[in-house]
Amino acid sequence: MGGYGDVKLLREDGLRLDGRKIDEMRPIEIEAGTLPGADGSAWVKHGLNVAVAAVYGPMEAHPRKIQRQDRCVIDVRYNMAPFSTSDRIRPGYNRRSREISKVTAEALESVVICERYPRSKIRVEIEILSAEAGTRCVGITAAAVALADAGIPMRDLLVGVASGKVEDTVVLDLDKAEDNYGQADLPVGILPNTGEIAFLQMDGDLSPDEFNLAMEYNFKAAAEIHDIMVDALKRRYEGGEN
Amino acid sequence: MGGYGDVKLLREDGLRLDGRKIDEMRPIEIEAGTLPGADGSAWVKHGLNVAVAAVYGPMEAHPRKIQRQDRCVIDVRYNMAPFSTSDRIRPGYNRRSREISKVTAEALESVVICERYPRSKIRVEIEILSAEAGTRCVGITAAAVALADAGIPMRDLLVGVASGKVEDTVVLDLDKAEDNYGQADLPVGILPNTGEIAFLQMDGDLSPDEFNLAMEYNFKAAAEIHDIMVDALKRRYEGGEN
Amino acid sequence: MGGYGDVKLLREDGLRLDGRKIDEMRPIEIEAGTLPGADGSAWVKHGLNVAVAAVYGPMEAHPRKIQRQDRCVIDVRYNMAPFSTSDRIRPGYNRRSREISKVTAEALESVVICERYPRSKIRVEIEILSAEAGTRCVGITAAAVALADAGIPMRDLLVGVASGKVEDTVVLDLDKAEDNYGQADLPVGILPNTGEIAFLQMDGDLSPDEFNLAMEYNFKAAAEIHDIMVDALKRRYEGGEN
Amino acid sequence: MVALVPTLLRQELARLAENDARIDGRGRWEARDITLETDCLYNGEGSAKVVWGDTIIYAGVKFEMRTPWPDRPNQGSLMCSAELRPIAGRKYEPGPPSPESIELGRVVDRGIRESGCIDMEKLCIVPGEKVWGVMIDIHVLSDQGNMFDACALAAIAALRTAIVPAERFDVGEDYTLKVKSTPIMASFTRVGGRYVFDPSAEEELGGDERIHITLGDEGHLHSLQKGLKGVFTPDEFAEIFDVAQSRCVELRKLVANQEGN
Amino acid sequence: MVALVPTLLRQELARLAENDARIDGRGRWEARDITLETDCLYNGEGSAKVVWGDTIIYAGVKFEMRTPWPDRPNQGSLMCSAELRPIAGRKYEPGPPSPESIELGRVVDRGIRESGCIDMEKLCIVPGEKVWGVMIDIHVLSDQGNMFDACALAAIAALRTAIVPAERFDVGEDYTLKVKSTPIMASFTRVGGRYVFDPSAEEELGGDERIHITLGDEGHLHSLQKGLKGVFTPDEFAEIFDVAQSRCVELRKLVANQEGN
Amino acid sequence: MVALVPTLLRQELARLAENDARIDGRGRWEARDITLETDCLYNGEGSAKVVWGDTIIYAGVKFEMRTPWPDRPNQGSLMCSAELRPIAGRKYEPGPPSPESIELGRVVDRGIRESGCIDMEKLCIVPGEKVWGVMIDIHVLSDQGNMFDACALAAIAALRTAIVPAERFDVGEDYTLKVKSTPIMASFTRVGGRYVFDPSAEEELGGDERIHITLGDEGHLHSLQKGLKGVFTPDEFAEIFDVAQSRCVELRKLVANQEGN
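Residue numbers (this note's numbering), protein chains in the order written: chain A, 18 to 259; chain B, 18 to 259; chain C, 18 to 259; chain D, 3 to 263; chain E, 3 to 263; chain F, 3 to 263.
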């Protein structure tokens with residue numbers, strides 16, 4: 018977190034700079050099945066973030082040494098397009114993307130019924146086309162919809178959502194300014210139906226109470242996003258193959 | 018192309034700075050079988066360019082996944098030595114070399130009777146020791162002689178040759194100054210006996226008519242170079258194993 | 018070698034800046050079996066150098082193409098920790114470390130009874146935690162103790178030791194200042210019982226006579242270090258598994 | 003096994019070619035549906051999305067401030083590169099840039115660069131000290147045939163909508179980048195023995211070599227490239243060159259229409 | 003075959019968990035023996051060695067002089083990174099940094115950075131020109147379980163003993179780096195179905211997901227991370243969070259005691 | 003299977019050694035034919051081609067202008083590196099620099115550097131600001147035995163003919179680089195149990211360790227290196243050291259003769 022103390026992020030009326038309430042999400046749009054060549058795909062716009070996810074597989078896992086006898090492995094690549102941020106991102110090796118890819122893959126392996134596909138691999142490709150804070154969560158949401166679109170059985174639809182802290186106040190779903198100048202960020206991946214958590218990161222400064230409140234906001238938002246995800250999948254199947 | 022308008026490249030008498038006519042090639046020398054350890058090899062001096070090519074194979078293609086059941090693959094590496102240019106070239110990864118290697122490999126696969134060697138690989142190594150404009154063409158010529166020296170059956174001897182445009186005039190075989198300050202470059206790989214084209218690149222600015230004239234020059238020159246190539250191969254086999 | 022002529026490295030009384038005689042080693046401490054998870058390990062402090070070596074194996078060599086039908090291969094990685102030197106060393110690819118790893122591996126293959134383990138691999142990991150001149154020799158000594166600790170049969174205990182030249186005088190075991198400002202360095206790997214040499218490098222300037230004297234010092238020191246190595250191994254096996 | 007299906011496909015494509023037909027019913031020089039959208043990404047200083055049949059491409063433009071090359075103190079620079087990441091299709095694998103992605107980026111780059119549509123001297127801020135570097139990045143989301151033409155279209159459309167972010171770099175007010183022309187690429191692939199325009203993924207799988215032609219506003223050639231295994235004759239080239247002229251005019255209109263919006 | 007042993011191990015760990023027991027006899031929240039040594043490496047400007055059970059970690063601090071980022075002209079920088087070289091254990095392979103080593107370095111880094119224990123403005127030498135870059139490098143000599151906590155402990159202990167080498171860089175006299183607090187990491191791994199503190203190598207092999215919690219002097223959270231396959235409930239988190247509070251207090255004392263020496 | 007042929011070859015080489023014979027009829031300390039050509043590449047500021055038996059090496063010298071290291075403000079630099087690209091022989095594979103190529107470059111580099119034949123202070127242009135960096139690149143076109151000696155010969159011959167390209171860098175007139183001496187490498191390989199000079203490719207295949215000795219004009223040692231598996235005794239070294247002295251004198255004459263041309 019940037020943690021600069023001198024940027025005002027809350028207005029006199031208690032609302033945030035973009036007019037949202039402290040527990041209000043940015044608007045979300047989701048579309049399933051957007052990439053014709055993939056086995057499953059999704060497009061998610063969350064605030065000004067745009068993420069696209071594609072699923073290929075299940076397919077044979079090779080090289081052999083990555084195979085698991087009793088389950089499939091999930092191979093996730095989270096990537097930010099060079100033009101997705103204010104300063105261009107150089108393509109290629111990137112420690113931040115590697116870490117996010119790793120923990121996202123582990124979160125998805127926690128919800129997919131991996132035992133259904135022994136010795137297999139499922140490729141999940143997450144591309145961030147436009148970034149405005151919270152891209153790892155938007156990527157998780159997109160990946161979950163793409164997996165569902167591909168017909169991969171899962172314990173629940175995983176939802177990516179974050180809360181944070183600005184001006185000593187816990188708020189839901191940080192935007193770019195709040196992310197740059199705020200005090201904490203708590204991105205999680207939630208299974209809304211089981212109430213479990215499959216993804217968890219956090220940085221900044223949160224007291225135990227602040228943490229609990231941020232988690233409460235996250236669970237509430239996850240339920241809302243879940244409905245939008247389900248809607249997108251319904252539209253996809255009612256609308257047929259396109 | 019550099020495309021600087023203010024450098025004079027044609028003299029008052031209509032000849033070029035080095036005294037050549039507009040449809041005249043730089044001098045070319047070719048020797049076949051210059052590398053004792055290779056299955057085939059060639060040394061080509063074209064103007065001040067020096068290229069050496071070696072062929073190893075056919076050999077088993079591995080790893081397996083590069084094998085083709087019905088033909089061999091041709092693995093080309095075009096490389097410029099660090100001391101081949103005015104400014105030293107750092108060894109290692111290089112986008113330009115990779116592109117030239119790819120399209121050169123595809124051109125050679127178009128003339129080699131690849132079906133003769135299923136599941137095999139032929140390695141073609143092209144090293145530019147001295148560069149003075151047109152190295153990709155010199156490399157193609159060297160590779161073709163080296164393949165012939167290795168006894169690999171081909172539909173024809175592929176010839177690399179380029180024409181271009183300087184001071185709004187189409188000229189054959191650009192030298193260094195003409196390449197730096199000229200308006201277009203059209204390197205091609207020609208099969209002189211069949212009249213076909215296996216390699217084609219172009220950049221700069223050419224009207225349709227200029228393109229046709231440049232192609233005409235290229236075909237004429239290809240026939241001349243072809244004779245020098247055949248000569249080199251004859252000398253090699255008359256002279257014995259050298 | 019730095020080879021600066023104007024730094025005084027010998028005192029008026031004929032001793033060296035740190036008080037050592039010209040044929041006197043820095044103090045050495047060795048401990049065997051310091052890493053619980055390795056098959057063999059050693060910790061060596063030599064002057065202010067600290068090296069740790071671990072041995073894993075013999076294990077199956079893979080990929081297949083590195084296997085030798087009639088012997089094992091020894092895979093050595095010599096590495097300097099980022100904090101081991103005055104200026105931080107960036108982790109990653111490093112030409113110096115690769116060369117030292119290669120010649121160290123070849124030296125160890127010369128003393129291990131490799132024929133005992135066909136198609137196998139022995140991994141030897143050498144980590145320099147603190148560097149004060151002569152780290153490659155300290156690494157060799159550590160590796161030899163670690164191999165012995167792992168129970169790998171060897172023709173002899175290989176000892177790493179170096180002599181050099183400062184102010185036109187041959188001296189044993191250069192320290193940091195002597196390495197920086199001296200005139201020659203002659204690191205060798207000696208088999209004290211057979212009187213053979215398995216590792217040899219040298220740079221700087223040595224006359225034939227100076228070379229012979231430096232070698233004499235090295236052989237004398239190797240016998241001393243050998244005793245300390247044997248001691249460490251005895252302590253290890255008398256002391257049981259810790 | 004993998005070799006079998008392409009063999010049958012090749013036979014079918016050859017049979018269709020004899021009857022001057024294509025596997026999806028199109029005419030030999032007929033393109034699939036193309037939609038072009040610009041200014042579609044929040045952080046791109048210029049951006050475009052092309053949906054060409056089932057092929058989907060994004061391009062984005064970013065500006066960097068840099069010091070000029072010593073031998074060209076009053077010129078900025080332009081670079082176009084393409085990423086062919088594994089999202090683009092089942093056959094694309096992770097790893098360092100493949101020869102395919104390098105070729106793609108460089109062929110599109112040459113077409114735009116050599117057309118002279120950007121005046122490099124206009125990218126100079128302070129001679130010898132500060133110039134603009136313009137980066138066009140192409141992102142292939144879905145490759146379902148004729149990726150090169152779709153990428154080139156996205157790249158030039160993104161470039162033509164780019165805003166120079168002078169304010170962000172504290173060198174004056176933002177302004178629209180001046181792009182003098184609209185270089186367009188048209189590519190042809192040998193399918194069933196003869197060239198067609200805009201091959202589908204299936205036609206590419208069972209096809210041979212391809213030729214990429216980039217033409218400027220006046221119909222001049224700015225870039226050529228032959229890719230993949232195969233040879234062609236000058237007569238064959240003359241035929242597709244004529245088609246390229248008319249296809250490029252149509253695609254240039256598509257860009258102009260989008261800008262008119 | 004490789005899959006077999008873990009299966010038996012998992013069954014045994016589940017059986018033990020039912021009786022609230024652990025494979026090495028420890029209590030659920032009990033740590034193995036920990037020793038901490040600082041100032042143990044000649045060339046490190048700060049250094050620490052942690053022996054935590056059979057896990058052995060070194061951390062070293064180095065300073066570099068560099069120019070500040072343009073947007074933060076009076077701030078230095080801190081970076082912590084971990085190397086997971088093949089010496090660390092049989093399963094570690096040579097090659098470029100693995101996702102595991104990147105995660106390890108970044109999670110430890112975030113805990114220290116976000117605690118605010120280093121005032122970045124204090125690392126400024128000449129605003130806009132020269133600042134200190136502080137590099138904490140973690141070197142894993144032996145991974146025999148709970149590597150993350152041992153690494154975090156070594157990193158903060160090394161940092162807290164660091165001397166700024168101003169003389170060597172010709173900018174005044176050496177002085178002790180000011181470190182305002184002692185962020186500590188406590189990690190929990192699901193073993194036999196329930197979380198335990200400080201898993202051994204065996205417990206990690208037969209275990210599931212882990213949760214890393216970094217707490218500051220006042221018990222505030224500065225970094226969280228879930229790794230590996232598995233899910234948890236808020237109630238489970240609440241339970242380990244309480245344990246983390248007390249374990250971090252104890253480990254912080256260990257650092258203080260060492261400094262008192 | 004690969005292991006079989008070398009075994010038979012080793013037996014044959016041992017049998018020959020017993021009769022003090024070599025597989026190609028040479029004497030134990032006898033070299034193959036060597037030809038040296040300099041100034042043979044248009045763009046090299048110095049260049050040499052060595053044909054040593056069937057081993058073919060090119061070396062080229064390039065100059066770069068750079069800022070000096072802070073601790074040596076009035077010294078330029080010299081670097082010699084070798085590329086062992088796949089053209090060099092059937093066994094060489096593409097990829098990042100192999101340990102073999104790194105060793106080759108570094109051993110040649112040390113011999114030249116440590117001989118002191120280049121006065122680094124003479125490479126200074128403006129103290130603290132501009133110095134020359136001299137790069138010797140070695141390119142192995144054909145490795146058919148004793149590559150190290152051929153590379154070292156090409157490197158010093160290229161260096162000794164180098165012209166400092168001052169005009170191109172706008173710092174005065176071109177002038178010949180001053181090289182004070184001619185360090186020469188002689189290498190010995192154990193074949194059939196005893197050392198020989200200048201092994202052929204076959205002898206290397208069936209041989210053991212090798213020793214590289216670089217000697218200066220006065221016969222002083224400047225670089226030593228033992229490579230590959232094998233051990234030797236001080237007596238064995240004394241024997242080859244004497245041979246190295248005479249072989250280096252002969253090779254130095256070859257360089258001098260070429261320069262006399």
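A hint or two may mislead.
So, partial list: chain A residues that the calculated Cβ filter (under 7 Å) puts toward chain E [as the list claims (entries may be wrong)]:
1) Asp56
2) Arg107
3) Arg112
4) Leu217
5) Ser224
6) Asp226
FYI, nobody ran anything at the bench for these hints, they're computed from the structure.
We put the CB at the ideal spot given by N, CA and C, even for glycine.
Here's how the hints hold up against the structure:
no.	hint	verdict
1	Asp56	violated (22 Å)
2	Arg107	violated (16 Å)
3	Arg112	holds (5 Å)
4	Leu217	holds (4 Å)
5	Ser224	holds (5 Å)
6	Asp226	violated (10 Å)
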